[in-house]
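Peer 1: So you can see what is in the structure, the chains are spelled out below.
2 protein chains.
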Amino acid sequence: MSEHGLLVSAPGKVILHGEHAVVHGKAALAVALGLRTFLRLRPGGGERLRIHLPGVGPPSVEQLDVLKEFAGIAADASAPDSLAVLAFLYMCLAISAKYGDVPSVDIAVWSELPTGAGLGSSAAYTVCLAAALLHACRAISCPLKDGEATARWPEEEMTLINSWAFQGERVIHGNPSGVDNAVGTWGMVPTLRILLTNTKVPRSTKVLVAGVKEKILKFPAIMNPVLDSIDAISQECQSVLEAMPTNPSPEYYPILEELFDINQHHLNVIGVGHPSLDRLCRVTASHGLHSKLTGAGGGGCGITLLPPGQCSLLTLHEAVRVQSPPLAALSCPPADSLAALAFLLADATPLAVEAAKRDLCACGFECWETDIGAPGVTLHSSSSLKAEVLHALSES
Amino acid sequence: MSEHGLLVSAPGKVILHGEHAVVHGKAALAVALGLRTFLRLRPGGGERLRIHLPGVGPPSVEQLDVLKEFAGIAADASAPDSLAVLAFLYMCLAISAKYGDVPSVDIAVWSELPTGAGLGSSAAYTVCLAAALLHACRAISCPLKDGEATARWPEEEMTLINSWAFQGERVIHGNPSGVDNAVGTWGMVPTLRILLTNTKVPRSTKVLVAGVKEKILKFPAIMNPVLDSIDAISQECQSVLEAMPTNPSPEYYPILEELFDINQHHLNVIGVGHPSLDRLCRVTASHGLHSKLTGAGGGGCGITLLPPGQCSLLTLHEAVRVQSPPLAALSCPPADSLAALAFLLADATPLAVEAAKRDLCACGFECWETDIGAPGVTLHSSSSLKAEVLHALSES
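Sequences listed follow chains A and B, in order. Note that the first sequence covers residues 1 to 396 in our numbering. Note that the second sequence covers residues 1 to 396 in our numbering.
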């Protein structure tokens with residue numbers, strides 16, 4: 001552990017296809033996002049948190065009530081801060097009980113991910129936390145060698161991190177699908193540049209999900225085929241992403257764009273569109289870019305594919321690298337073992353993208369230009385982190 | 001026959017749901033349009049057209065070649081005028097051969113329907129022609145009694161008109177579905193007010209149909225469910241239209257609107273949308289009105305539902321009337337016997353409609369406010385026709 005302590009990060013996720021359909025038993029495709037949560041763990045000052053829980057299993061209502069009381073969190077608390085503290089307490093205690101005491105630690109967390117935007121910020125947090133706590137009590141190794149910028153844990157240790165992150169997710173979300181923590185753990189090598197746009201239109205996922213269900217009950221013969229079509233889109237998209245690195249060719253990109261357009265229409269059909277999202281799609285379309293909503297819809301975030309430049313296509317063969325289970329399909333079991341996915345894209349059509357971003361901001365939206373297909377949970381040397389991140393972690 | 005001769009009219013048609021899907025074996029829903037073609041038949045000056053064709057069946061290539069030569073029409077003629085003359089010649093000869101000579105006649109035709117806009121103008125013409133020619137050679141009765149404004153033929157005579165109109169359609173279109181002439185013959189009692197908007201964007205039906213087929217072959221698992229959903233929309237719409245007159249309630253109208261929205265998205269998915277149609281939908285949506293493309297798409301016409309006013313809903317029970325086979329479903333056999341359809345709607349939300357029309361015209365589009373669900377082939381007294389129509393028929 002360096003003077004900066006243990007530095008861990010995990011990516012957020014974004015749903016490419018299958019939001020809502022997944023609630024009705026269809027496949028969905030979630031990918032790692034190039035926006036991450038960072039965690040720094042340092043030895044603590046000696047005050048130790050030492051509670052033993054007999055027979056640690058999944059968090060029970062009773063256990064959580066005790067922890068809420070201990071931490072001074074209201075029984076019905078739903079603020080991200082309170083839930084994050086609760087997840088930390090639970091994971092600390094449960095990991096201690098299983099692998100031996102977690103030593104007194106000082107933990108700082110900072111994230112590039114907005115909370116409550118459907119971008120897997122809570123999973124990125126619990127993945128970081130699981131990695132740090134398991135490392136602190138020596139349940140997993142420290143794969144970062146001197147002089148290395150970053151390192152990742154071996155397969156079986158990532159499985160352990162993922163399973164504990166999932167327990168943390170259960171504390172925060174009650175009944176999560178397990179996809180967000182899988183994406184945060186396994187990640188994916190860089191593949192596509194995207195624009196993530198927050199319409200800032202607030203919405204209730206619960207109301208939207210109920211609306212879709214109601215529409216399916218109202219028009220089953222019309223709506224069920226739409227869900228089937230969305231299912232096929234997720235599978236087609238996954239096939240295309242799998243095929244891309246082994247045979248990178250410009251023909252794949254328009255297919256991804258076409259699938260985006262089709263699914264956006266489908267999402268409007270099932271009733272989770274919103275005029276702000278229509279506007280987002282129209283603005284990007286006017287610059288030749290293809291968008292769809294991502295997540296719950298009804299406002300919230302949209303995702304825009306940024307096409308690869310000519311140069312990047314020429315250097316694709318050099319960019320191909322292989323990394324372990326990258327794409328998590330929301331269908332259970334989640335992670336379909338996806339072969340190498342590397343489609344490192346250089347900046348392309350920068351003028352169109354800049355113009356689109358300007359127009360989107362003029363609508364009052366907020367944009368991030370980032371990648372999908374980021375590495376999963378990662379151990380960092382302090383020198384490999386941006387000064388901004390280190391500074392933020394020191395402040396917190 | 002009055003001094004004005006025999007006056008016949010037949011309505012155009014508009015596709016409510018199922019365009020394109022019908023090419024792939026799905027149901028579609030076509031309804032009569034409140035825009036009509038009028039035909040006046042008067043005894044001729046004595047020059048008689050007398051050609052006997054042995055064994056008259058469907059028009060053969062050889063027969064049509066002879067007729068083309070006779071009328072001085074180029075072998076590959078496709079102009080509406082040439083095809084109309086050809087259909088007239090064929091029907092004249094074939095009906096003469098079957099029912100005895102058509103006497104020397106003078107025929108004038110005038111239409112409110114634009115040609116080549118997918119609104120069934122050719123079928124409205126052949127329906128009028130079939131009725132007039134069958135009447136001239138006494139194969140059908142003259143149901144119009146003195147002092148009556150309009151009259152319709154009895155069931156079995158309409159069947160005969162329809163079958164001859166279909167032969168005329170074959171001359172004009174080669175391989176028509178038979179829906180247009182069925183709608184033109186049977187029609188439907190007034191049911192819904194609509195706005196028909198021509199984007200004036202030219203398109204090739206052939207290219208659009210081929211594009212849909214290509215897309216289905218490219219993404220069968222994604223596209224076939226969309227066709228299934230469109231099929232279910234046609235059926236659901238038909239059920240709603242059937243249910244409306246027996247139990248008229250404001251709850252039906254939003255369903256029709258919802259089905260329009262869903263199908264418009266589906267038509268975009270199968271690739272027959274167009275920015276001009278998106279604009280049409282957006283403009284009408286801004287006035288609370290729901291639209292979809294109708295026909296081939298890729299430009300062409302859009303149809304907008306105009307909602308019933310409060311008053312019309314209160315007087316619905318008085319407006320209910322029953323008429324024979326009204327809705328023609330494109331599924332073969334075409335005309336699903338549809339029960340009473342009468343939902344006479346008074347002018348509603350006139351301000352919103354006027355504002356929408358103004359905005360659509362500002363886009364360079366052309367609008368007609370009309371009804372769907374018009375009476376089928378009808379015999380008129382001269383006093384029941386608008387002066388404009390009589391004048392047009394005298395001019396021609």
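Hints listed in this document are in silico derivations from the structure and should not be mistaken for laboratory results. A portion of the hints provided could be inaccurate.
As the list claims (entries may be wrong) - The following label-pair restraints were derived from C-beta to C-beta distances:
no.: 1; chain 1: A; residue 1: S239; chain 2: B; residue 2: E251; range: 56 to 66 angstroms
no.: 2; chain 1: A; residue 1: R282; chain 2: B; residue 2: K213; range: 23 to 33 angstroms
no.: 3; chain 1: A; residue 1: K218; chain 2: B; residue 2: G72; range: 57 to 67 angstroms
no.: 4; chain 1: A; residue 1: S383; chain 2: B; residue 2: E214; range: 46 to 56 angstroms
Think of the CB as a built atom: it goes at the ideal place given N, C-alpha and C, for glycine as much as any other residue.
Peer 1: Checked against the structure, which of the hints given earlier come out wrong?
Peer 2: Violated hint (a single one): 1; every other hint is consistent with the structure.
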